[in-house]
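Peer 1: With chain A's structure known, arrange chain B on it following the hints.
So the chains spell out like this:
Number of protein chains: 2
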Amino acid sequence: MKEDILYHFDLGTNTHDFPTLFGDVKFVCVGGSPWRMKAFAQYITGELKLGDPKEDIANICAGTDRYAMYKVGPVLAISHGMGIPSISIMLHELIKLLYHSKCTDVTVIRIGTSGGIGMDPGSVVITSQSVNPCFKPEFEQIVLGKTVIRSTELDSALAQELVQCSQEINEFNTVIGRTMCTLDFYEEEEKMQYLKSAYEAGIRNIEMESSVFAAMCNISGLRAAVVCVTLLNRLDGDQISSSHDVLVEYQQRPQKLVGYFIKKRLSQV
Amino acid sequence: MKEDILYHFDLGTNTHDFPTLFGDVKFVCVGGSPWRMKAFAQYITGELKLGDPKEDIANICAGTDRYAMYKVGPVLAISHGMGIPSISIMLHELIKLLYHSKCTDVTVIRIGTSGGIGMDPGSVVITSQSVNPCFKPEFEQIVLGKTVIRSTELDSALAQELVQCSQEINEFNTVIGRTMCTLDFYEEEEKMQYLKSAYEAGIRNIEMESSVFAAMCNISGLRAAVVCVTLLNRLDGDQISSSHDVLVEYQQRPQKLVGYFIKKRLSQV
Chain A
1 MKEDILYHFD
11 LGTNTHDFPT
21 LFGDVKFVCV
31 GGSPWRMKAF
41 AQYITGELKL
51 GDPKEDIANI
61 CAGTDRYAMY
71 KVGPVLAISH
81 GMGIPSISIM
91 LHELIKLLYH
101 SKCTDVTVIR
111 IGTSGGIGMD
121 PGSVVITSQS
131 VNPCFKPEFE
141 QIVLGKTVIR
151 STELDSALAQ
161 ELVQCSQEIN
171 EFNTVIGRTM
181 CTLDFYEEEE
191 KMQYLKSAYE
201 AGIRNIEMES
211 SVFAAMCNIS
221 GLRAAVVCVT
231 LLNRLDGDQI
241 SSSHDVLVEY
251 QQRPQKLVGY
261 FIKKRLSQV
Chain B
1 MKEDILYHFD
11 LGTNTHDFPT
21 LFGDVKFVCV
31 GGSPWRMKAF
41 AQYITGELKL
51 GDPKEDIANI
61 CAGTDRYAMY
71 KVGPVLAISH
81 GMGIPSISIM
91 LHELIKLLYH
101 SKCTDVTVIR
111 IGTSGGIGMD
121 PGSVVITSQS
131 VNPCFKPEFE
141 QIVLGKTVIR
151 STELDSALAQ
161 ELVQCSQEIN
171 EFNTVIGRTM
181 CTLDFYEEEE
191 KMQYLKSAYE
201 AGIRNIEMES
211 SVFAAMCNIS
221 GLRAAVVCVT
231 LLNRLDGDQI
241 SSSHDVLVEY
251 QQRPQKLVGY
261 FIKKRLSQV
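As given, the protein sequences belong to chains A and B, one line each in that order. Quick note: the first sequence uses full-length UniProt numbering, first residue 1, plus one each step. Quick note: the second sequence uses full-length UniProt numbering, first residue 1, plus one each step.
Some hints here could point you the wrong way.
Identical copies look the same in the list; a pair holds intra-copy or inter-copy alike.
Derived pair list, reagent style BS3-like, types lysine-lysine, alpha-carbon separation capped at 30 Å [claimed, not checked]:
#1 K191 to K96
#2 K102 to K191
#3 K264 to K26
#4 K38 to K136
#5 K146 to K136
#6 K196 to K96
#7 K38 to K263
#8 K2 to K196
#9 K196 to K136
Hints were generated in silico from the structure; no laboratory data involved.
Pulled out of the complex, with its shape left as it was, chain A reads as follows (with noise of 0.2 Å):
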């Protein structure tokens, strides 16, 4: 291939050098919402000590606004927008990034927001695996019109330390569960019995982007986890009723968390 050029991110193999820019990313952190993308990167800068958090920072895929990208040291942060489709391109991309930028050792982690069941609002959900409305742990992609299912598994080891991370922090409540990921975001009637019976097959939270993430990143070989935090606990309805600000600081919580880890593993070397 003469130039690969990736659509979404506004960059190219020809007009930009792949390894020079991105050769030591060692931690891809993705997540929903470019400006949280934003504000982890920010605070990233400020724990690993690589400036000032507060200080503004430049988006690598600034001539575009299908996704917005930040690189804080081995630290890339990329948001993905909602949904599978969505993420889905990202990761197309971004596994086509790591290849050209000739990156070793990856550890690719999406922090995000979900819908908790049976959890107290503001827990942290880190997935075992992640299932499907039937409760399978399988990812179905349709390539060309056959179908293919794909394994939604996630690395053990790597959630193991990222609880074990939470319990030195020692600020919230973490736990290992199965996820839910949806393509809707609204549902209708039958909700509770529904609900309730995703609990009993070990399901913690819902969100929408899990399966996708982990079979790509399966076939990939890349080490992958998925820490969301959970803004309300779906078995009490569907209305999120924290104020904001509690919300604010529910949102930061898969941030401290993985850059604990981040900092944790960078001292480790």
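Peer 2: For chain B alone, kept in the frame of chain A given last:
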């Protein structure tokens, strides 16, 4: 319900007077990119002589980074991100917004970009029906673990009206055709044979939102159309080879077409 919070728009029935803010909306135009929807809102401002099209325009959803929303007279322009889940969250909140605002006689048009099949780049495709990767005009939804199949037909009179507008503008090629809606942007092997059989099945372009857009508008009784420009002919490969300036002009074609349509409709009132 005491209060309905449209979480991803950062709007709520207790904090915003929906009928006053949105009651006069007759046209809702949606597209993936927030930048493009802002440009469309500014373009419409000039076309409807409601102000200076070069002036900045306020984002109604400025409190969130999920979607961007602009209002110009009877026209609402909203971004929807990429893929079915992202547009479905937006449409769900849009339908509630129109309901709370007591809007009547609303036309919803998706203006977007797509890959063409057997079409010269820059051609505009108005969707007759959205089909899945098996070429069926169906949208399959999993509601609480059960599969529900919905129709993805679009309003044929509206499609005809839009083609008529394109003939009157007489600047670019516009056809009515089937649109394939995929979950993935990047695809693999066997491509050419598959794309040729898609062409034979009357499919003229590929994008990632039309199925749920058609299905949800149908359920809600909203008159709807999908108007997408094709950025490349997939039968000639999958790299976008046109220059930046040419692509910018292509992306303005659906805006121009729908702008003309809206002006014509309003002049007939």
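Peer 1: Taking the hints in turn, state whether each one holds.
Peer 2: Going down the list of hints, with the structure as the test:
no., hint, verdict
1, K191 to K96, "between (40 Å within a copy, 20 Å between copies)"
2, K102 to K191, "between (47 Å within a copy, 28 Å between copies)"
3, K264 to K26, "within (13 Å within a copy, 56 Å between copies)"
4, K38 to K136, "neither (34 Å within a copy, 41 Å between copies)"
5, K146 to K136, "both (19 Å within a copy, 13 Å between copies)"
6, K196 to K96, "between (40 Å within a copy, 28 Å between copies)"
7, K38 to K263, "within (18 Å within a copy, 40 Å between copies)"
8, K2 to K196, "between (53 Å within a copy, 26 Å between copies)"
9, K196 to K136, "within (16 Å within a copy, 35 Å between copies)"
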